[in-house]
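Visitor: Take a look at the letters that make up each chain.
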Amino acid sequence: MKSTKYSDKVLEHFRNPRNVGSLEGDNVAIGRVGNPVCGDLMEIYIRVKDDIITDIKFKTFGCGSAIATSSMITEIALGKTLDEALEITRQNVADELHGLPPIKMHCSSLAADALHDAIKNYREGIKLEPVVDVPTKSSCELPEPKEIIGLDQFLNKGVYRDYSNLDKFRDKRVIVVENGEPSIELAIKLTEITGRVIFMTPLKMILASKELQLKLKISDVKVLHEAELLEILGDTTLEKVKVHDLNEDTEYELFVDAVILP
Amino acid sequence: MKTIYLDYQASKPVDPEVFEAMKPFLLETFANASSLHQDGDIATDALEASRSKIAQFINAQDPKEIIFTSGATESNNLAIIGYALRNKKKGKHIIISEVEHISIHNIAKYLEKNGFEVSKVPVDFYGRIRFDKIQEKIRDETILISIQYANNEIGTIQPIAEIGKLTREKGIIFHCDAVAAEELIPIDVVRDNIDLLTLSSNDIYGPRGLGVLYVRTGVLLTPIIIGGGQERGLRSGTEDVASIVGLTKAAEIIQERREADTKRLTELRDYLIQEVLKRIPKSHLNGHPKLRLSSNAHFRFDYIEGESLLLSLKDEGISITTGSACSSKTLEPSHTLISTGLLHEEAHGSLEVTLGRYTTRTDIDKLIEVLPKIVERLRKLSPLAD
Numbered sequence: 283m284k285s286t287k288y289s290d291k292v293l294e295h296f297r298n299p300r301n302v303g304s305l306e307g308d309n310v311a312i313g314r315v316g317n318p319v320c321g322d323l324m325e326i327y328i329r330v331k332d333d334i335i336t337d338i339k340f341k342t343f344g345c346g347s348a349i350a351t352s353s354m355i356t357e358i359a360l361g362k363t364l365d366e367a368l369e370i371t372r373q374n375v376a377d378e379l380h381g382l383p384p385i386k387m388h389c390s391s392l393a394a395d396a397l398h399d400a401i402k403n404y405r406e407g408i409k410l411e412p413v414v415d416v417p418t419k420s421s422c423e424l425p426e427p428k429e430i431i432g433l434d435q436f437l438n439k440g441v442y443r444d445y446s447n448l449d450k451f452r453d454k455r456v457i458v459v460e461n462g463e464p465s466i467e468l469a470i471k472l473t474e475i476t477g478r479v480i481f482m483t484p485l486k487m488i489l490a491s492k493e494l495q496l497k498l499k500i501s502d503v504k505v506l507h508e509a510e511l512l513e514i515l516g517d518t519t520l521e522k523v524k525v526h527d528l529n530e531d532t533e534y535e536l537f538v539d540a541v542i543l544p
Numbered sequence: 413m414k415t416i417y418l419d420y421q422a423s424k425p426v427d428p429e430v431f432e433a434m435k436p437f438l439l440e441t442f443a444n445a446s447s448l449h450q451d452g453d454i455a456t457d458a459l460e461a462s463r464s465k466i467a468q469f470i471n472a473q474d475p476k477e478i479i480f481t482s483g484a485t486e487s488n489n490l491a492i493i494g495y496a497l498r499n500k501k502k503g504k505h506i507i508i509s510e511v512e513h514i515s516i517h518n519i520a521k522y523l524e525k526n527g528f529e530v531s532k533v534p535v536d537f538y539g540r541i542r543f544d545k546i547q548e549k550i551r552d553e554t555i556l557i558s559i560q561y562a563n564n565e566i567g568t569i570q571p572i573a574e575i576g577k578l579t580r581e582k583g584i585i586f587h588c589d590a591v592a593a594e595e596l597i598p599i600d601v602v603r604d605n606i607d608l609l610t611l612s613s614n615d616i617y618g619p620r621g622l623g624v625l626y627v628r629t630g631v632l633l634t635p636i637i638i639g640g641g642q643e644r645g646l647r648s649g650t651e652d653v654a655s656i657v658g659l660t661k662a663a664e665i666i667q668e669r670r671e672a673d674t675k676r677l678t679e680l681r682d683y684l685i686q687e688v689l690k691r692i693p694k695s696h697l698n699g700h701p702k703l704r705l706s707s708n709a710h711f712r713f714d715y716i717e718g719e720s721l722l723l724s725l726k727d728e729g730i731s732i733t734t735g736s737a738c739s740s741k742t743l744e745p746s747h748t749l750i751s752t753g754l755l756h757e758e759a760h761g762s763l764e765v766t767l768g769r770y771t772t773r774t775d776i777d778k779l780i781e782v783l784p785k786i787v788e789r790l791r792k793l794s795p796l797a798d
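If you read the sequences in order, they're chains C and D.
For reference, each letter of the first sequence is one residue, going 283 to 544 in the working numbering.
For reference, each letter of the second sequence is one residue, going 413 to 798 in the working numbering.
To be clear, the hints were calculated from the coordinates, so they are not data collected in a lab.
Please note that a few of the clues may not be correct.
Stated by the list, open to error - So the derived label-pair ranges between C-beta atoms look like this:
1) C:K471 x D:T678: 41 to 47 angstroms
2) C:Q495 x D:T678: 40 to 46 angstroms
3) C:D453 x D:E781: 52 to 58 angstroms
4) C:Q495 x D:N471: 53 to 59 angstroms
C-beta: ideal position from N, C-alpha, C; glycine also.
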């Protein structure tokens, strides 16, 4: 079966998703699952009154079935008690949608997990912030930099601490590792000479003046949050780096030409 | 509803003239080219005339250097596995690039399991092979380098002449997968010092299920399909004369119209790229701005996922493809996009548009009209887009 061979019901929910949006105010909880790196991120918002889900909204970044399952589960859960809603399984969602391709069953798990996460957060009084984040206190301090494997071997062979002469970065894919406001300014400046600048920070947020934050936001710098360099890889010069995703505690490789360290 | 087809890299229609040229060999002249009777001779003549024509298509010096196979995948297998197994005494190291077609990657994996070592050359942000890195990776034991002529996903054209010069100087065999390039770029295996070259019939509007491997005289291979010894023993199995005649016709047509096609497609492609980047905020072009196939436009859109884009375009009657994981068998995003240095979430939001002989300005206008609305709708659903 093709991975995009969907039932009419799935397509209908994809085309006309129910309950899109977010909720604010009292008695609201948010459930969040997935990771954009894997191609899906789901948020479900519930408003609860007398133990009943009286309003429900979702936002989803993902494939057709991720959007359809989010939409479907909001329809199923609305009006149910929290205990009833906790009983909703991925199979219920898939059945209501008249089935999903086997490779897409994880999407319906995500939807069920996001709903259950929201209920858990409601009961435990946990307030998640929307994904474009308002910082929590603990995320405001730069952690001690960890040792990077291969740093000595590749210093000045793709990894630089000295960037007085920016010309060597012309048309290169450059990672600038977070080191306060000067590093943000450096990243923005580099976009004048190359089309690919990644600003890598271990934090969830940008530590900078409002003005500089805005400058960064409208710039062509790609910001990589909650990421740390683990390892420099290559033969004799840098080819790629291994990155630690601190949020998911996973590792992945990223192809680059130059890394600028504090 | 009549669809707008913008996925020519995946499959092309057979040209009507090609179909006409094939017909007599399906219905009347059906004999086996290996048979010694008169009917067999007619088939043999057609087969050998085709071989000469295909040799001329890529400037091969001798028709014997042309081997017909069942497709580009088989040609890649015969070239790389066939050469590696035959020449392993010379060395057991081969080099490919990070952005090769999936068949080359999996062939390399197979050789690794069988005692060979494989190095992969990285590419730059635009998908161009890093030439300095090839030199870095060559060892005394390197026997073969396999680099594509142009990338099948993002359309970036590779520095083939430079690679050919280097490998010839070093005495290393150069295999080039030219499938993505063969329609619009004139190929010259002599000028570019190519030793082994893969072609596909369908990629020049010929019938499916037919490929070519060019094997330069003096390059020795072990066959990977054993049988009655057809194609100089390198590819056994009765030749599909009708398809081969079709491919030959397709090659003739391409040579006549290549220049005009390139001009027309370049204009359409540039118009599409310009309008998409202008009309859609946070949209980007993947691949090289200039050194790219005239038929290829490859985009990515921040905050959205490619499969939902594809489904929405499907509702508009537009057939198009994406580099997103969610539309693949493995749920991994395109290795080509990752190799250019894109993050997974960026690769997920990509859209591959490949134009062809029947693409019109009206088709492109329709895409330009609906795409901004679709992207906007999906961004409204996305938690990443606030």
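Visitor: Hint by hint, note whether the structure agrees.
Guide: For each hint, the structure was consulted:
For the hinted restraint 41 to 47 angstroms between K471 (chain C) and T678 (chain D), the CB-CB distance of approximately 34 angstroms leaves it violated. Remark: the range hint 40 to 46 angstroms for Q495 (chain C) to T678 (chain D) is upheld by a beta-carbon distance near 41 angstroms. The hint said 52 to 58 angstroms for the Cβ distance between D453 (chain C) and E781 (chain D), and at roughly 34 angstroms that hint is violated. Between Q495 (chain C) and N471 (chain D) the Cβ separation comes to about 58 angstroms, which falls inside the hinted range of 53 to 59 angstroms.
The structure is inconsistent with the numbered hints 1 and 3, although it conforms to all the rest.
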